[in-house]
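Given the sequences, and given the hints that come with them, work out the whole structure.
Number of protein chains: 2
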Amino acid sequence: MTDRIEIVRRIMDSNQRVAAANRALLDENGVYGINVMASPGAGKTSVIMETLRRLPSNVQTGVIEGDTAPVTIDADKIAALGFPAVQINTGGDCHLDAVMVEMALKKLALDELNLIIVENVGNLICPASFELGTHANIVIASIPEGDDKPYKYPNIYRGLDVLILNKTDLLPYIDFRMDYFKQGIEMLNPGLKIFLVSCKTGEGFDAWIDWLTATLPKKA
Amino acid sequence: MTDRIEIVRRIMDSNQRVAAANRALLDENGVYGINVMASPGAGKTSVIMETLRRLPSNVQTGVIEGDTAPVTIDADKIAALGFPAVQINTGGDCHLDAVMVEMALKKLALDELNLIIVENVGNLICPASFELGTHANIVIASIPEGDDKPYKYPNIYRGLDVLILNKTDLLPYIDFRMDYFKQGIEMLNPGLKIFLVSCKTGEGFDAWIDWLTATLPKKA
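Read top to bottom, the protein sequences are chains A and B. Going by my numbering, the first sequence opens with residue 3, and the numbers climb by one from there. Going by my numbering, the second sequence opens with residue 3, and the numbers climb by one from there.
Derived from the structure by calculation, the hints contain no laboratory data. For clarity, every value in this text was computed on a predicted model and none was experimentally measured. Mixed in with the good hints there might be a few duds.
Any copy, or any two copies together, can satisfy a pair, since identical chains are not distinguished.
[Claimed, not checked] Each computed DSS-like pair below joins lysine-lysine, with the alpha-carbon atoms no more than 30 Å apart: (1) LYS184 to LYS221; (2) LYS202 to LYS221; (3) LYS202 to LYS109; (4) LYS108 to LYS221; (5) LYS108 to LYS202; (6) LYS195 to LYS221; (7) LYS202 to LYS184; (8) LYS184 to LYS79; (9) LYS184 to LYS108; (10) LYS220 to LYS108; (11) LYS220 to LYS79; (12) LYS109 to LYS184; (13) LYS184 to LYS220; (14) LYS79 to LYS108; (15) LYS220 to LYS195; (16) LYS79 to LYS202.
Structure, rendered in structure tokens:
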């Protein structure tokens with residue numbers, strides 16, 4: 003087992019190095035990067051699309067779409083909105099890593115962008131262990147997933163900068179104890195910024211867009 | 003990278019061997035085993051609990067609960083219903099493996115049971131690669147997860163014996179193209195047995211319980 007541990011350590015070290023290089027490249031170009039993680043079906047692509055529609059027109063955004071299978075469903079949706087999108091197929095892997103993002107960044111005109119949104123593979127476990135070099139880690143949770151998820155997937159909630167809780171339009175039809183959910187988050191990540199949104203009604207998007215726009219660096 | 007590939011192969015081989023031993027142990031004891039996989043929040047525990055409530059009283063069932071974090075939320079719920087439940091904490095791993103199940107089986111009185119339900123870690127990617135030694139692989143999908151999941155997580159849908167599509171009570175509030183979903187399944191796994199259920203209304207459980215009861219081996 004020593005061999006295995008040694009190899010895992012080497013993989014993590016080299017991921018860390020490439021992540022740092024990705025971050026430097028984004029910073030040089032004045033681009034803010036966000037890593038969007040979630041369970042399958044929480045609404046990553048829907049929240050990203052609604053965000054793209056609502057961002058001020060002076061914010062130039064590129065999207066990197068990660069999928070475990072060789073499908074382009076999500077990248078096609080983004081491209082149809084008129085935004086540059088690059089698809090990464092992880093070949094069965096349960097997360098993106100820094101090298102995959104490095105390859106995708108080469109396909110985007112970084113000097114023309116302010117923001118890069120990376121949609122990670124749908125998974126609440128593996129993506130938590132791999133830095134990509136982005137500036138903020140965001141999880142999209144959703145009401146129908148249930149209020150106990152912070153307790154069951156603590157690692158991903160611990161490393162977060164922003165939480166978006168999606169599908170609030172379904173609250174009337176689902177038993178979701180908001181206090182219990184927020185208590186779980188508070189235990190792992192005190193003071194975490196939380197936005198409650200619904201892609202269906204548009205609720206909550208103003209606050210999220212205001213925060214994101216204010217956070218973007220001014221481009222020279 | 004050769005080292006890494008060699009080690010991965012050794013891990014998979016030994017998992018396979020232990021899975022075969024688990025299967026032999028279940029067969030010796032006349033116990034049917036099912037491996038329940040799903041995305042986080044699809045309703046694995048709710049479907050298992052509803053199944054336990056509805057199974058005929060002559061079916062003796064044990065439950066093995068897998069979680070990535072050291073929590074006993076699900077095992078406690080099962081135990082509260084009066085069924086033997088064993089908790090496995092994977093220590094951050096994104097799936098159960100055959101050795102974990104072997105350890106859990108030792109804690110159950112197999113000679114007194116007809117059925118073992120294993121609740122895997124909430125994840126649509128990793129569990130697909132690890133046989134546990136159970137007789138049937140079941141995925142619980144859910145309406146709010148969306149109709150494109152078979153296209154995005156093909157490996158887990160390919161190896162399935164039964165699919166339970168949960169939360170049908172939410173169909174009126176969600177755009178879910180049933181034809182598109184079923185077409186994706188049919189492409190990967192032609193003729194797959196599908197049960198549409200709702201834990202909230204009880205819809206569909208009769209058919210699922212009838213199928214499960216008819217499938218169980220007669221105990222000597």
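Do the hints match the structure? See the list:
Taking the closest pair of Cα atoms, LYS184 and LYS221 never come within 30 Å of each other, the shortest separation being 35 Å inside a single copy and 47 Å across copies. Taking the shortest alpha-carbon separations for LYS202 and LYS221, neither the intra-copy value of 32 Å nor the inter-copy value of 51 Å comes in at or below 30 Å. In this homomeric assembly, LYS202 and LYS109 never come within 30 Å of each other (Cα to Cα): the closest approach is 32 Å inside a single copy and 47 Å across copies. When the C-alpha separation of LYS108 and LYS221 is checked against a cutoff of 30 Å, the pair qualifies only within one copy, where the shortest distance is 20 Å, while the shortest distance between copies is 62 Å.
When the C-alpha separation of LYS108 and LYS202 is checked against a cutoff of 30 Å, the pair qualifies neither within a copy, at 34 Å, nor between copies, at 48 Å. Taking the closest pair of Cα atoms, LYS195 and LYS221 come within 30 Å of each other only inside a single copy of the chain (25 Å); across copies the shortest separation is 55 Å, beyond that limit. In this assembly of identical chains, the alpha carbons of LYS202 and LYS184 lie at most 30 Å apart whether taken from the same copy (23 Å) or from different copies (24 Å). In the homo-oligomer, the alpha carbons of LYS184 and LYS79 lie at most 30 Å apart only across protomers (21 Å), although the nearest pairing inside one protomer, at 32 Å, exceeds that limit.
Taking the shortest alpha-carbon separations for LYS184 and LYS108, neither the intra-copy value of 39 Å nor the inter-copy value of 37 Å comes in at or below 30 Å. Proximity of LYS220 to LYS108 under the C-alpha cut-off of 30 Å is restricted to the intra-copy arrangement: shortest distance 22 Å within a copy versus 61 Å between copies. Taking CA atoms no more than 30 Å apart as the test, LYS220 paired with LYS79 passes inside one copy only; the shortest distance there is 28 Å, against 51 Å between copies. For the identical chains of this complex, LYS109 and LYS184 are neighbours neither inside a copy (39 Å) nor across copies (35 Å), given an alpha-carbon limit of 30 Å.
Taking the shortest alpha-carbon separations for LYS184 and LYS220, neither the intra-copy value of 33 Å nor the inter-copy value of 47 Å comes in at or below 30 Å. In this homomeric assembly, LYS79 and LYS108 come within 30 Å of each other (Cα to Cα) only inside a single copy, at 21 Å, whereas the closest approach across copies is 49 Å. Taking CA atoms no more than 30 Å apart as the test, LYS220 paired with LYS195 passes inside one copy only; the shortest distance there is 22 Å, against 55 Å between copies. In this homomeric assembly, LYS79 and LYS202 come within 30 Å of each other (Cα to Cα) only inside a single copy, at 17 Å, whereas the closest approach across copies is 33 Å.
Against the hints set out earlier in the document, violations occur for numbers 1, 2, 3, 5, 9, 12, 13.
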